[in-house]
Amino acid sequence: MSAERLRLVTDPVELLEPQLSAAVEDSPDGERRLRLPLSRIDAAVEALALRGGQLAALFPVTAPEPSLLAAVAFQGDLVALRAPLDGAETYPSLSRVTPAALLPERELHDRWRLTAVGHPDLLQAVDPDPDRFDRRIVGEQTFVIPYGPIRSGVFESIQYVIETGGEDVLALHVRPFFKHRRLEQRFTGLGFDHAVQVAERVAAIAGVAHATAFCQAVERALGVEPTRRAQRWRVVHAELERIANHLDVAVKLAEDAALAVGVARFGILKEQIQRLRAQLCGSRFGRGVLVPGGLAAPPLLEPRVALAVLDGFERQLRRDRRLLLGTASFTDRLVGSGALDRETVEAYAGIGPVARACGIAADARFERPYGAYVRVGGRIATVDEGDAMGRLRVRFHEIRESLHIIRQAFERLDKYGPELRSDLPDARGAAFGWAEAPMGELIYWVEVAAGLVRTVRISSPSLRNWPLFAASFRGDVLTDFSFIEHSFGLTPAGADR
Amino acid sequence: MIEWIARGLRTGIVTTRYPKRPEHPPAGFRGRVDILEADHGMPHLEATCPTGAIHVNEDGRVSLDQGRCILCGLCVAADPVRFAFAHGYETATRRRASLIAGEPGADALEDLRATLGERSRTLRRSIHIRHVDAGSDGGEEWEIQALNNPYYDMQRLGFFFTLSPRHADILLVTGAVTPAMRTPLLRAWETMPEPKAVVAAGTDACSGGLSAAVETSAGGVDAVLPVDVYVPGSPPSPIALLHGLLLATGVLTREAAA
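Chains U and F supply the protein sequences, listed in that same order.
Take the first sequence: its position 401, counting from 1, is numbered 402 in my numbering, and each next residue is one higher.
Take the second sequence: its position 46, counting from 1, is numbered 60 in my numbering, and each next residue is one higher.
Because the hints were derived from the structure by calculation, they are not lab data.
Note that the coordinates shown come from a computational prediction; the quantities given were computed from them, not determined experimentally.
Built from N, CA and C at the ideal position, the CB exists for glycine as well.
Heads up, a few of these hints could be off.
What the hints assert, rightly or not - From chain U, some residues computed to sit far from chain F (all C-beta separations above 12 Å):
| id | residue |
| --- | --- |
| 1 | F144 |
| 2 | G154 |
| 3 | L184 |
| 4 | T228 |
| 5 | A265 |
| 6 | R376 |
| 7 | I381 |
| 8 | E420 |
| 9 | A450 |
To be verified - The following label-pair restraints were derived from C-beta to C-beta distances:
| id | chain 1 | residue 1 | chain 2 | residue 2 | range |
| --- | --- | --- | --- | --- | --- |
| 10 | F | F174 | U | Q76 | 50 to 56 Å |
| 11 | U | G154 | F | P240 | 21 to 27 Å |
| 12 | U | D427 | F | L50 | 31 to 37 Å |
| 13 | U | Q317 | F | F174 | 25 to 31 Å |
| 14 | F | L50 | U | V306 | 38 to 44 Å |
Stated by the list, open to error - According to the in silico footprint, chain U covers these stretches of chain F (three or more CB under 8 Å from chain U):
| id | stretch |
| --- | --- |
| 15 | 31-41 |
| 16 | 81-89 |
| 17 | 147-153 |
| 18 | 162-171 |
| 19 | 186-196 |
| 20 | 247-261 |
Based on the sequences and whatever the hints tell you, model everything.
Put into structure tokens, the structure is as follows:
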């Protein structure tokens with residue numbers, strides 16, 4: 002990189018320090034920490050947002066003192082803006098800067114009685130009443146369909162309030178938090194072995210990603226790096242989880258299009274992956290594998306055997322994918338449905354396959370490489386269409402990349418020592434941990450002291466992307482609904498943590 | 015479309031023959047924890063379990079509540095002589111009390127499977143299932159959806175998912191029941207015609223699991239509804255769910271006869 006280019010890279014610290022009386026604090030690699038007055042937190046987020054920063058998390062933390070923390074993904078780093086509360090119950094709303102703050106600020110209001118001054122509507126978000134919703138009519142002669150929380154089919158509980166004139170979806174309001182389980186507070190006081198069980202059960206279909214983000218936060222807080230072998234196995238489990246999730250989306254989309262053999266074929270492929278995961282660790286969801294410091298137990302299957310299974314899987318997948326993407330009655334329903342443009346996704350700080358389908362190369366595995374992703378290479382799969390079809394194509398690309406990554410991870414496995422678990426000191430610390438879940442980047446904030454977890458905060462990709470689902474209905478009709486919903490591949494459990 | 019048909023035919027039959035034939039899990043599968051040695055337990059064993067499923071009484075006798083077990087395996091790792099993962103998928107039971115391993119009265123599994131196989135043969139009518147997520151982690155939903163894939167194909171046993179609780183015979187509930195899901199869950203149950211059965215699917219639904227310690231959680235479906243069949247597991251495997259559903263059909267036929 003030339004000296005000229007280097008100067009163009011704005012340092013957020015340089016940027017904010019004089020302007021906002023911010024003070025730099027020590028932090029592990031990959032994150033920058035700034036302490037600033039609560040009254041300037043909106044200005045600080047705005048200053049970073051103007052240079053491409055995206056609000057990634059907003060929650061109260063307790064270490065080193067009760068504070069409001071806004072995390073901004075900025076030029077490959079996470080910038081943590083920490084504003085001590087000093088007993089304050091109000092703060093300037095960030096929703097003026099980015100709509101990504103709208104839902105988190107409502108949750109802050111409900112759960113911690115922290116009020117965002119300037120927020121357009123601080124309606125109750127947590128534990129909503131299914132029968133009473135705020136009706137925001139967009140025009141004359143529209144009516145409202147409440148869809149959920151119990152929905153048509155075997156799905157997780159969430160409510161969508163659809164405003165329609167009969168066919169067109171004029172507006173969509175997403176109401177999560179019907180199953181808000183207060184799991185963040187469940188972590189408090191647990192030892193690491195027990196706490197990782199909670200992390201795995203926040204969202205089962207992204208359990209490995211949750212465990213990865215949690216473990217890495219603990220490890221970063223305590224300055225421990227797991228062994229190379231442990232890190233490679235973590236990657237194998239995480240990529241298998243990604244493949245299973247992407248196949249699940251394919252199953253659901255084929256089901257929406259009433260493509261019976263497609264449903265069966267992709268159901269078979271997904272089941273093969275789930276069975277492989279059970280063979281590797283005893284759990285079809287990769288549970289009980291990760292633990293802060295490394296791995297809990299050695300894998301139950303030889304890499305050679307797992308690779309043979311994956312080779313057969315890939316051959317079948319190639320045929321089924323070609324057939325699926327060549328079936329006009331299927332692709333016609335996806336092309337142009339739920340289209341998003343890049344500007345909207347950036348405004349809402351969208352992440353994951355949703356963002357990558359709009360040409361945004363956002364992927365925590367390669368932006369902020371963690372664990373074995375530092376050494377294992379892969380490409381970020383992006384397309385430009387921004388519609389349901391684009392999101393499906395991104396998923397198929399990613400399955401291919403995941404298989405490639407798994408093969409690389411296995412390649413050098415025997416060159417590393419057998420050690421799987423490193424000891425953790427009984428120290429005090431706090432850090433972010435992150436992982437690219439199948440739905441997008443997942444961020445954990447973990448505070449530890451004396452071998453116990455004190456505070457956990459989670460910023461989940463499902464919660465971050467849900468507003469985009471509402472924003473994606475432009476000229477789409479009611480019958481497109483399930484296609485668009487499933488193309489997002491989000492999980493209510495992740496949002497309702 | 016012809017190509018799809020050919021693809022489907024080429025795949026052949028992958029479906030399990032459960033419950034006529036037993037289905038065996040891979041080695042090391044985490045379906046259920048059994049107690050191998052119940053005597054001479056030290057009180058500190060209780061602390062290894064994150065959900066308080068392990069109990070040691072004053073005589074040193076160890077018991078394990080499988081309805082609270084989340085299959086984390088921490089006890090198996092800490093004391094492999096005493097605890098072990100059972101080699102089998104089935105976990106469901108009619109009585110909450112019979113989920114407590116280490117105490118007499120656990121169902122004899124082999125007999126049970128034979129009865130279930132018989133029942134699925136004689137069951138001519140179809141059973142309709144309405145699923146309600148009352149606060150799950152999403153894993154149970156994946157396993158329930160898997161019942162429709164060709165490996166498990168629950169329709170061969172006469173089970174179908176229905177969209178309306180008015181058509182449902184079985185209410186399949188997941189999750190520990192959160193405050194906002196209590197009313198929708200009750201409403202679904204009240205709407206169902208008699209006879210009806212409630213199946214609590216997953217450890218969270220059976221006992222609250224890890225959520226039991228959270229004050230807003232109901233701590234399991236039976237705090238809200240009368241539960242007929244408990245299917246513990248975190249999440250229960252598709253075979254465990256099938257087993258639970260077959261048990262529930264027994265509840266229905268008995269009630270219909272009464």
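To see whether the hints hold, each was checked on the structure:
With a least beta-carbon separation of about 21 Å from chain F, U:F144 lies farther than 12 Å from that chain, consistent with its non-interface assignment. Non-interface status of U:G154 relative to chain F is broken: a Cβ of that chain comes within 12 Å, the nearest being about 7 Å off. A beta-carbon of chain F comes within 12 Å of the beta-carbon of U:L184; the shortest separation is about 7 Å. A cut-off of 12 Å between C-beta atoms confirms that U:T228 is not in contact with chain F; the least separation is 19 Å.
Under the 12 Å C-beta cut-off, the non-interface status given to U:A265 relative to chain F is violated; the minimum distance is some 5 Å. For U:R376, the condition that its CB be more than 12 Å from all CB atoms of chain F holds, with the nearest at approximately 29 Å. Even its closest Cβ contact with chain F, about 26 Å, leaves U:I381 beyond 12 Å, as expected for a residue assigned away from the interface. Residue placement check: U:E420 keeps its beta carbon more than 12 Å from all beta carbons of chain F (closest about 17 Å).
A cut-off of 12 Å between C-beta atoms confirms that U:A450 is not in contact with chain F; the least separation is 19 Å. The supplied range of 50 to 56 Å is met by F:F174 and U:Q76, whose beta-carbon atoms lie about 53 Å from each other. Checked against the given bound of 21 to 27 Å, the beta carbons of U:G154 and F:P240, roughly 25 Å apart, stay inside it. With their beta carbons about 33 Å apart, U:D427 and F:L50 fall inside the hinted range of 31 to 37 Å.
At about 28 Å, the CB distance of U:Q317 to F:F174 agrees with the hint of 25 to 31 Å. In this structure, F:L50 and U:V306 break the distance hint of 38 to 44 Å, their C-beta atoms being roughly 29 Å apart. Counting residues of the stretch 31-41 of chain F whose C-beta lies closer than 8 Å to any C-beta of chain U gives 3; at least three are required, and the coverage claim holds. Check result for the stretch 81-89 of chain F against chain U: holds, 5 residues qualifying (beta carbon to beta carbon below 8 Å, three or more required).
Counting residues of the stretch 147-153 of chain F whose beta-carbon sits less than 8 Å from any beta-carbon of chain U gives 7, enough to reach three: the coverage restraint holds. Using a Cβ-Cβ cut-off of 8 Å, 4 residues of the stretch 162-171 of chain F lie near chain U, which meets the minimum of three, so the contact claim holds. Counting residues of the stretch 186-196 of chain F whose beta carbon lies closer than 8 Å to any beta carbon of chain U gives 6, which meets the minimum of three for the stated coverage. Only when three residues or more bring their CB closer than 8 Å to a CB of chain U does the claim for the stretch 247-261 of chain F stand; here the count is 3, and the claim holds.
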